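One-letter residues, chain by chain:
2 protein chains.
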Amino acid sequence: MHSDRVRLPSLLDKLMSAEQAAALIEDGMTVGMSGFTRAGEAKAVPRALAERARKHPLQISLMTGASLGNDLDKQLTEAGVLARRMPFQVDSTLRKAINDGSVMFIDQHLSETVEQLRNHQLKLPDIAVIEAVAITEDGHIVPTTSVGNSASFAIFAKRVIVEINLAHNPNLEGLHDIYIPTYRPTRTPIPLTRVDDRIGSGAIPIPPEKIVAIVVSNQADSPSTVLPPDAETQAIADHLIDFFKGEVAAGRMSDSLGPLQAGIGSIANAVMCGLIESPFENLSMYSEVLQDSTFDLIDAGKLRFASGSSITLSARRNAEVFGNLEKYKDKLVLRPQEISNHPEVVRRLGIIGINTALEFDLYGNVNSTHVGGTKMMNGIGGSGDFARNAHLAIFVTKSIAKGGAISSVVPMVSHVDHTEHDVDILVTEQGLADLRGLAPRERARAVIDHCVHPSYRAALNDYFERACAKGGHTPHLLREAMQWHIDLEETGSMIGGVLGVAASA
Amino acid sequence: MHSDRVRLPSLLDKLMSAEQAAALIEDGMTVGMSGFTRAGEAKAVPRALAERARKHPLQISLMTGASLGNDLDKQLTEAGVLARRMPFQVDSTLRKAINDGSVMFIDQHLSETVEQLRNHQLKLPDIAVIEAVAITEDGHIVPTTSVGNSASFAIFAKRVIVEINLAHNPNLEGLHDIYIPTYRPTRTPIPLTRVDDRIGSGAIPIPPEKIVAIVVSNQADSPSTVLPPDAETQAIADHLIDFFKGEVAAGRMSDSLGPLQAGIGSIANAVMCGLIESPFENLSMYSEVLQDSTFDLIDAGKLRFASGSSITLSARRNAEVFGNLEKYKDKLVLRPQEISNHPEVVRRLGIIGINTALEFDLYGNVNSTHVGGTKMMNGIGGSGDFARNAHLAIFVTKSIAKGGAISSVVPMVSHVDHTEHDVDILVTEQGLADLRGLAPRERARAVIDHCVHPSYRAALNDYFERACAKGGHTPHLLREAMQWHIDLEETGSMIGGVLGVAASA
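One line per chain: the protein sequences are A and B, in this order. Using the working numbering, the letters of the first sequence map in sequence onto residues 94 to 598. Using the working numbering, the letters of the second sequence map in sequence onto residues 94 to 598.
Note that these hints are calculated values from the structure, not bench results. Take the hints with a grain of salt, since some may be wrong.
A pair holds if it fits inside one copy or across any two, identical chains being indistinguishable in the list.
Claimed, not checked - With a straight-line cut-off of 20 angstroms between C-alpha atoms, the simulated EDC-like cross-links for lysine to aspartate or glutamate are: (1) Lys422 with Glu558; (2) Lys563 with Asp193; (3) Lys468 with Glu558; (4) Lys563 with Glu144; (5) Lys468 with Glu535; (6) Lys338 with Asp164; (7) Lys189 with Glu535; (8) Lys395 with Glu374; (9) Lys107 with Asp219; (10) Lys395 with Asp348; (11) Lys491 with Glu583; (12) Lys422 with Glu583; (13) Lys216 with Glu535; (14) Lys563 with Glu583; (15) Lys216 with Asp527; (16) Lys491 with Asp335; (17) Lys563 with Glu582; (18) Lys424 with Asp290; (19) Lys495 with Asp193; (20) Lys167 with Asp120.
Everything numeric in this text was worked out from a predicted model, so none of it was measured.
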């Protein structure tokens, strides 16, 4: 039974139920689970763990690659299992628990979690739970639709639970490239110089005796929740493509651009879709998550190769891609997130990083995470790994939200995830601000002229001009800098702020 | 004449006066000059340029490695020469011009300037002015006490002016290691795996016909302005050494620690001096600037090797070190700042980065640059290059300034240079907060308990508790978050803020 999926015969006696495997997880443990952007998470064991905790309370510290699908973070939160959670999440129930202070959430650059584990700066996982399509003849683990932090979790944990998920196409085997940096102080360069280089192994190499349980599951990844492009996201894509055309014309890029990275979500996905109708050819991706747009670009003959750490697709695209995996397999590789996001590789390759901002300010500081400066949305994810080291650090957002009650372009962001030093290009549906080589006052002029929504333009300009009159390299009026956010918090709209600022002029 | 310093005979006819060389710099040009932390700047030509501009106004965009000595930024500012300046400065006259908006200052991560030049995202220098101890038989330029951005400036500029400064010990030749990353998309890994690796050439390789002028000067570098350790800096050093002892005891570091980086300035210098009396042995540095403490540690037999981009010493130490250079030469290397600060190398080597904060907040966000959120002090320098990628990102500051009128630990920083994601350890004379693996509310508790001055502790704790009651992953009270800064701006003291916050509780 399942000898094609568990190819090391000595491991077959580790087959057990999810409940039996979940019983190996004890109160107070640190647990590392597979899963990255709702792809390839262990499914049966965490669900069984949540069920058990409803009757017999226990708490763990949970590390993953990034977000989990199948409402697992919701179930674990509702069952009170999560004492600590890192490094990323997207679940509304968990988000609420994080924001009320009942779950301690550690929001990290996604390339850094396993580095901190390797150096024992974070507690190593006691146990790892990894979804797989197979265990090889050597007892090595073949991941499914994500690699994330799975390899390092399995390497660092004393014990490993493997979930063999029959819902995944077994032909995923061969897609992965598992490379783990060597230990300091004798670490050598990561030998990756092209997006399609393969530098590691096809499976996670661990001693098979660490595998203490094998659970067979049969459940699909959750489909992505990406929205189709709309007029605003199309306008953002158009501005960016015009900018790229200018860069090519100026000789700063070839017409295959550079390796593209796109953050998760509808706007970045729409921007990538915009490249289908562009003049650029022979594109490549070196990104975290491969979304629908990646495969749209491959199908359009535009994208020659995509490197990622996970594949997260809509329900429609899921069947097409994984049902025809042989069509795509030689154009894809999945890597550990430490490598997909590694500063060394991002800088070497010259990535064009396209990520979504929650809001940005006059001077190009970007808030990616905190609504109103206090409430965690999802986490910084890999945006900082890419933005800091990218050839071009691009942030995109619609200029307004909630029907205009919120301006995404503000005098001062309420929380900073990416500083002015790390942000090259800002794009809204209004236009594109090219901040490269500009001083703060020049950056502000570009943001006001090109990015802010017309309904907020006069107020933002008024703030800036009065701040300039007061002086400073980065002019601000400290008494007013947070006013738009305060008005939003207190009245549900920044419009009050706008009127207030204008009235005080 | 000077044939020992200009060893390619065909270049001897390029010898001319500083005035003649300065005349090659035209209005509107972009100029790249040597100089990093007041070490190795071209001296005669910029001074002649300032003198000329007083009679015949002209403006340039000036790029350097980092700060210039010998009041050159002051002279150039007063002569109205500077339209634009990047990527760092420390001059009070220039600072004033930056803050009143008359000089456009672009504050950059020091590893990134030449990367942006290489990709033509910044305008290439029309002309470079590089201080040297010699020009080799091949016409290559041997720098003096800094490398900084000199190599790339000379490579990118169409024309190069060389200042041969007779005041420097010619034995500096052999100290430098000039490695320039290859162009994308065929860039290869930087082959540096140990702090003492030599991976490049001893001189800046340019075609000799690009050298259009050679000026002979005889003027010392400005001495550093570093202050001797005091009780507070000693306390900071003691806290940090205790922490390092704990890391060694826990097996997270060996007793040679990791390669050390120390930011410029008195506090970081004092912390390094503190290591003289520590139990750690066989230390190494991989830093930007080598200050007095580097040589104190070498003399004490504690430091086996130091890699930097410049050497900046006090007057006393200057004579001892450069007068006995043979004693130190096999323990030193000077590299381009792109390499001394490169994310790839910093992450690979596992640097312990120690940098000075202007202020930090409850959650570990650090302001390194802007007084009151608006006024530029010096610039971010290399602190971000190191902090983001370090094994340990440590920020140090005294807990109060101006006799207690200012708390360096605030509810919310007025400007963010290093986000909470990038800050591991905070140290004041009060104690050390170890933020690794902590969620924001836990970080705040550590900062309040260990870092803030007692006179501000109750007020900070009060802010935090009321913010927590309101909720959020990163609790803040937006109406009060900037109040301490506002009080400082309006009353000259944050004490008003403290009383105000307490009264509103």
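Structure-based check of each hint:
1. Lys422 with Glu558: neither (55 angstroms within a copy, 54 angstroms between copies)
2. Lys563 with Asp193: The answer is between: 9 angstroms across copies meets 20 angstroms, while 39 angstroms in one copy does not.
3. Lys468 with Glu558: Between copies only: 16 angstroms across, 30 angstroms inside.
4. Lys563 with Glu144: neither (60 angstroms within a copy, 32 angstroms between copies)
5. Lys468 with Glu535: between (31 angstroms within a copy, 16 angstroms between copies)
6. Lys338 with Asp164: neither (42 angstroms within a copy, 44 angstroms between copies)
7. Lys189 with Glu535: between (39 angstroms within a copy, 18 angstroms between copies)
8. Lys395 with Glu374: within (5 angstroms within a copy, 56 angstroms between copies)
9. Lys107 with Asp219: The answer is within: 18 angstroms in one copy meets 20 angstroms, while 69 angstroms across copies does not.
10. Lys395 with Asp348: within (11 angstroms within a copy, 53 angstroms between copies)
11. Lys491 with Glu583: neither (23 angstroms within a copy, 37 angstroms between copies)
12. Lys422 with Glu583: Answer is neither: 52 angstroms inside a copy and 64 angstroms across each miss the 20 angstroms cutoff.
13. Lys216 with Glu535: Close across copies (16 angstroms), not inside one copy (45 angstroms); limit 20 angstroms.
14. Lys563 with Glu583: Between copies only: 13 angstroms across chains, 28 angstroms inside a chain, cut-off 20 angstroms.
15. Lys216 with Asp527: between (42 angstroms within a copy, 14 angstroms between copies)
16. Lys491 with Asp335: Classified as within; 18 angstroms inside a copy, 49 angstroms across copies.
17. Lys563 with Glu582: Close across copies (12 angstroms), not inside one copy (27 angstroms); limit 20 angstroms.
18. Lys424 with Asp290: within (11 angstroms within a copy, 38 angstroms between copies)
19. Lys495 with Asp193: neither (24 angstroms within a copy, 38 angstroms between copies)
20. Lys167 with Asp120: within (19 angstroms within a copy, 64 angstroms between copies)
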